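*Asks:* Listed below are the residues making up each chain.
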Amino acid sequence: MALLDIKNLRLEFGSGPGAVRAVDGISLRLEGGKTLCLVGESGSGKSVTALSIAKLVASPPARYVGGEILLEGRDVLKMSARELRSIRGGVVSYVFQEPGASLNPVFRIGAQIKESLKLHRPDAATDAEVVRLLKLVGIPAPESRLRNYPHEMSGGMQQRVMIAMALASQPKLLVADEPTTALDVTIQAQIIELLGDLRRQLGMAILLITHNLGIVGDLADDVAVMYAGQIVENGPAREVLSRPLHPYTRALIQSVPELGSEVERLTAIPGTVPLPGDFPGGCRFHPRCPKAQPACATQVPELLTVADSRKVRCPYSGSEISTLKSEAVL
Amino acid sequence: MNLLEIQNLKVHFPVQQRLFGGVKEFVRAVDDVSFSIAPGETVGLVGESGCGKTTLGRAVIKLVEPTSGRIVFEGEDIASLSGPELRARRRRFQMIFQDPIGSLDPRFIVADIIGEALDIHRLAAGAAARTQRIEALLKAVGLAPSHAQRYPHEFSGGQRQRIGIARALAVEPQLIVCDEPVSALDVSVQAQIVNLLQDLQRERGIAYLFVAHDLAVVKHISHRILVMYLGRIVEAGEARSLCRSPKHPYTQALLSAVPVVDPDAKRRRIVLTGDVPSPIHPPGGCPFHPRCPVAVARCKTEVPPLRELGPGRQAACHLAT
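Those protein sequences? They're chains A and B, same order as listed.
So our numbering is basically just the index in the first sequence, starting at one, shifted up by 178.
So our numbering is basically just the index in the second sequence, starting at one, shifted up by 29.
Quick caveat, the hints were computed from the structure, so don't treat them as lab data.
Since the structure is predicted, the reported quantities are computational estimates derived from the model, not experimental observations.
No farther apart than 30 Å at their CA atoms in a straight line, the calculated lysine-lysine pairs in the BS3-like style are these:
no., chain 1, residue 1, chain 2, residue 2
1, B, 39, B, 329
2, A, 469, A, 489
3, A, 212, A, 256
4, A, 469, B, 168
5, B, 329, A, 313
6, A, 350, A, 212
Take the sequences, apply the hints, and build the full model.
*Replies:* So, in structure tokens, the structure goes:
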């Protein structure tokens, strides 16, 4: 049994004909101890998907229209308020983008971490345990940091505190939503390294949400690429990055300048990211796709399974698929 | 002749220690920086947040008052100019900001956002000429003439950045300071703006000071790169050679921290410990020594000068060769 198994999740904001479907048929699987990266741009629905794992998207305004979110085999969407409280933190913990906005500015960080301990592991709600957690996330001189307020720490240190707080309840799944986007690149490298170490030490699974494909290669076992509320490509991270099948994944990789390469001109993706509620008909990427066919404007592509454990939502990535298959045979 | 010549520029901000007077301390946001920009050249300025790169970018075009030093623009020192004299020269240098929505007046239609610059510098005689110029500018940045009648909120992030660029272009500047122009944009849109900036440079010979924290983007667009740390330039050089063989340990760490998409590119990553120190109390000696993986005793006491290491390459490190 997978730790997390999302099946055909659909989520809308608003109701009636004006309803905006932000997540449209997402299916994801994450085994215990593995790392899955959810990659997408703004408005792709990646954060809403991540939040819905603990049913954190308030309803209303959101409506869970359909699908299942199986966490350890139990459907989150059918849980009572009491059950939800026990899985929030207990099974799945979150780390968000802006550590400064997630920490309470008027409490010392020691007290904030202890609050999480009191809720989930009351016996362990001691200074000693808080110090152990701070040490675990690599905060130097943790004993003296206990009494710090969030504003006395740098962004990178605040994010470590957030991670310590998320780990306090010993979750099986850590959801990190753009955890390094607000941080400098040197600090980003520290946090990514920390997440990798923690996963090895504690054996927890990580769902990492990011728009930065560079991070994916460092951490992920699997990657799912989202565009306009749908998954367009899914597979093992190494394979997706080195041989992307969907035109969007490929364009995304090509549009980011690389330090190692020396191209004169970047391959830009024309147009803009469509807003939820304004997704084009047919294939949602067709207005920006360099390989679009006339049929793309009308036919909605399915998420096809190609080769082993690779899925792609484009019927025209044919040549690439055939080479993949022949290699798989060899 | 260089378009812009910065000599020993310092920008120090006072920090009040006590409520009433008391001893003042200073944030040395920019501390003794010198560099130059040739016509039509792109100079990239990189560093972590708090290193002073934005302050330097603003001080260069006098949006922040420099404490001391010379800013020689087209042979004339503008560091001490103010009022109408400065305004007259503002036509020659413009700025593009990070947050395209925060830098466009929400109550103005696009035609007036761009037209305001034309009006201030009296660059269009009559309404017809003004409309014509605005349409030409919109076309130059890849927007349609019909967009002129719309408000900023009707555009996407990338389009807003195009409007910001059109406004900067309106006065036909020789230099544009770009402060993180793509970091607020979606990944798939960033490349459009980078390409647009490069096209405009080719067509019009504009020089850019490109301030950003994303080294890969900076390397792609720049001819030369300056690396800043705690208000000082620690390394400067031709973009490709600097990225291929960085001399300063800080540049090496910064480059190794840049995430790469290719999963097979296994590199030795230098993970720096700790954060950027406070610019109010910078460490003695080399400001980088507390985080430097190769620091020796000398680094704690002696400030390394920015010295020539090869053609066009400078680094401020005792150990660099």
